[in-house]
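J.: So the sequence lines, in the order shown, correspond to chains A and B. Here the first sequence is numbered in the working numbering, starting from 24 and rising by one per residue. Here the second sequence is numbered in the working numbering, starting from 3 and rising by one per residue.
Treat the hints as calculated values from the structure; they're not laboratory data. Even for Gly, the Cβ is constructed at its ideal location relative to N, Cα and C. Some clues are possibly wrong.
[As the list claims (entries may be wrong)] One side of the interface only, derived from the structure: several residues of chain A facing chain B at Cβ under 10 angstroms:
#1 Gln69
#2 Asp73
#3 Lys74
#4 Arg115
#5 Arg135
#6 Ile154
#7 Asn243
#8 Glu245
#9 Gln254
#10 Gln257
#11 Lys260
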Amino acid sequence: MKYLIFIIAIVLITLNTNAQELSGTIKYEIKHDWVKKINSVKYLSQSEKDKASYMWGTHSEYTEYAVLCFDKNTSRYEKIEDENKEGSWAWRSEEYIIYRNLEENTTYDLIREVNKLFVIKDEIQNPTWKILNNIKEVAGHICMDAMYIDPIKGNKIVAWFALDMPVPFGPDRFGGLPGMILEIDISEGALVMTATKIENKDVSEFLVKPKHKRKVKIHNEEYYTKLISDQVEQAKKAERPYFWQIRY
Amino acid sequence: MRHLIKSVFLALVLVSFSLIGKAQVSQITIKAQIIDENDEIVPAATVMLLNSKDSTLINYTTSDSQGNFSFKNVKNSGYLLKISHVSFMPVQKNIPISNQATVDLGIIKLEPIAEILMEVVIKSAQAPIFIKGDTVEYDARLFKVPPGSTVEDLLKRLPGIDVDVSGNISSQGKDIRRVYVDGKTFFGDDPKSATKNLDAQAISKVQVYDDKSEQERLTGIADGNKEKVMNLELKDEFKKGHFGKATLAGGFDDYRKKLLWASKANFNRFNEKHQLSIIGFGNNVNQTGVNWDDYSEFKGSAAFSNRDNGDFGFGGDGSGFHVMEIGGGGIMGYFDGKGFTKNYGGGVNYNYNTKKINFNASYSYNQTDLNSETFANRQTFLTDTSYLLNTNSASDVFRNSHNISSRIEHNIDSSNTLIFKIYGRFSGNRSIDTRTQLFKTILDQNINKNFTNETDTLDSKVINTLAIYNHSFKKRGRKFAISGAFNYYQSGRMENLINKNEFFSATTELEQINILNSKDNDDNTIKSSVLYVEPLSKRFSIFGFYNFRNYSTQSKNLGTDALTNYIMVDSLSIYYQNKEMFNRVGTSINYNWEGLNISLGGAFQSINLFNKYSVTENSPLLVPELTKTYNNFIPNFTTYYEFPNNLHINLGYSYDIDVPSISYLQPIPNLSNRFYKTEGNPDLEPESYHSTDISWTYWNQASFTNIHASAYYYYYDSQIVYNQETKFVEGLGYTTIMKPENLSGGQSVTAYLWSSMPIVKTILTLRLGGSYSYRESPVYINSIRNTTNTNSYRLNLGFNLTLSSKLSLSLGSSGSLSDVSYSIQTSQNQNIINLSASTGIKWQFAKKSFFEANYDFTKYQNDRFELNEVLHLANASIRQILGKNNKFELRLAVFDLLNQNKMISQTPGSNYIETSISPTLARYYMLSVSYNIKGFETKKKQM
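Sequences and hints are given; from them, build the entire structure.
T.: Take a look at the structure:
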């Protein structure tokens, strides 16, 4: 009997350490391509797209960085400062912190969109992913791909998720796959988030809900979806790229 | 029988039971065990349950330590089961709708991923592979081949594919007999025709798969005769293309009875690396150059590279370090709205852009033939009296310029960048000006009349070069930069001046002079700047800079009297050499954190001036060599704060010192006007002033509201102004001698507001703007200090109304009032009023037909001058897009329908006020045909 308890204890400990291994930080490099973004907007005219391609040429990219802290139940994603930035000028960092908790099945995202700061608190809602047939390596992990079409913006979103990191998290507001999403490619290169560095460590102290002032309003997912679709509709009407108003 | 019925009933019951039983399996459990090729258990494999119709993910799990997995109580609706694991090829199993509650798939065996795929493709080449059944696909873009390589060269690099000496291709030992391009046969059946001819750069994907044989395709029965087929997928390249437009227009000016024409064409061709564009235009409708849109399209990606600044530190060295392309590299031209012009121009631009190198080179040419007339009235106030001057002038100008520019930016590596830039302009200017000036007393009595005829030929060369090197050190934020520049300006001028003066007083006499003047100028500037930035902490950094400039100029002015056999006139001839040496060293401490950027610094500057004057190069100096040194300390402060809601605030203060220019210290004799003589002042001190500015910007993406407000304040400790001595000389008239002197107390404040906000989203937008300025300019008039105070107010209000996608209207109005007062003669105080209103319409009245019109009303008013000019300008046009792909456009337009156009300006000066009117192109009609390679927009543009 003692022997059995010992075995169970060992198993539990190993399970526990296994679980602990699934905790750490992932640094993402976020590449925006202005020309590809413009080209992906269906309602813009071809001549506008041609002109953008011509004017911006190879100067159409810029890079940002973000970090995702996670363990097997929680994740918190936020933008970080560019390590190689030019000059000392300090812009204000973006208010965009994405928090997921699987145990409580809740989101708690602090977002500034169209100049309003709010929190989206709701059940975790994931898109209907279509599993594809490609395999590639991202940041040392073998990944499979999955995709869906954004129902509001019409963008094709391809996610590469790691087969050996079985947590349903990812960068930005993406998740719900059998493995950690290490790369997101929106509209074939218009916006690409790629994991560049994965570190296994205890990050429990960082895995907290984003802090904010009490007056910041808390809304549900439906509110956010409506806000985004209203903005896209408005941009469509005015024939200007919607990403002038909201995130791509 | 009964028995039979019983049996049938029983059977029916049984059947229905079994049917019911079948229907009852609405939820099923799927389970299996996973092992590898050596029959070892595979734990932690990802198992996904997909919808068999569209592969959407329904559920997922992982295999346990025994390799077992199960999906319990899932809907019995048919699935695709997908098992994947880092070390194995993914496996897919079809699970049809089941009639049993448990679907036990038994043991599923995984095959390891071939080493070649894992090590070579996925890990080394970082290339994704596509695996489905036995199809393997490669992303060709990730296998680098040198530019100009064929597909064959590319295939040789792909793991698992062999190409023999004669170009035959095989994959995993099997010959490839067919090569498709985008799924289609490429020039016949020979697979080599595609692989040997296509450029590798054009390919995005290489797929190798088993094609069905012709027989299988026909019968649908697999006959085992599988053929290996390769498909080459072409890149979906949108960073490539061409566009262009050409317009030809003819018209008529019914007032001048003159035929008018205009033409413009441009063509651009580009791909990811190269951009080539050409542009050309010609017209006689006052378009002296192309507009910003055309210019930016012409320069392409190089249009925004004009901002290289080699002036490190704050405030620069006051002379500007940019290699500016004057007038948009020549082809943008300039026109002040006066007169009639005939214009030609064109250019060619080439850009080459890669991550490492950005290169631009362009050439352009522009010429303008200008005829203009101006009628000006000026009233000058003296301490006790005033006099009037009417000037009628006409000029005939031909100017042309050749412009070349080139820029290379070399990003040597992530920490070193080198920029080199050159700009050259070679221009000519021939002009004939005639001017009649009538001086009158305030009682409208003629005093004298002056007639001038000036023929001027000017040729000049400008060559500016700039080099900047930037280095970032390993330590984050530590930076070093150095720049160097050489600017050269050379000009040669011939001036022939005939001046006649007629007096209306008793001793009337006609005076005439005729002077031929030649002037040569050579300027060169050598500049250099060094900057070093050292981070002190995450938030603080310090920088030090040094600016150096050495400017030297040499000017020869030779005046000869044409009436006396071109004898040199000493008083009109001068030779001078001027040198200016500028040194500035400064430092600044910066705080940069989360949108707050503060910089506080100071610099010490030393300027040395050397001037030498003589009549000719070899004659003795006129005055002893002038040597001046100005040493000053200049402080500088700027701060910028970004609030979270897109509100930005800027605040700055600086104290600047500008040394007097050579023309103040010892001016070149001005020959064109005998009644205004300008003297030099070698005792001048530099100009020094405090300046502060504040600005406030708000932008709301949700409502598209923009608000910008800013204010500036200047105070002069020392300002260089032209003090005036005006005398009435009997028998000559009013003569004025101007001398630059230092005065303190000048100040000005200006505030602007600019805003745009929607009242009804996407339908009605309001634009509101305004400005206020107050200026206090002191000047000595006949030894009495006069202060001219100008209060200017300006307000503009406009609306844009988009009624539908086919109709939009705009309405705007603006008014400005300048209230000018003169301390020496308050009776001359006056109000200058300009009022304007404008309205426009854009209407798409049929599918491809557009009507556009606008009307502007402008009123110029001056109470003292009894000026009350009103202009009504109306333009209208109708456009029709034609052709299958909307490639043609026909446009009929009328400009200035009411035939009123002219250029009016009102200028308040230090002790005068001037109004002037110049005729220019008024009503004309024009019919134009345009061709656009890519077709015209058939949608109305937003206003």
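J.: Of all the hints numbered above, which does this structure not satisfy? Sort the numbers upward.
T.: Violated hints: 7, 8; rest satisfied.
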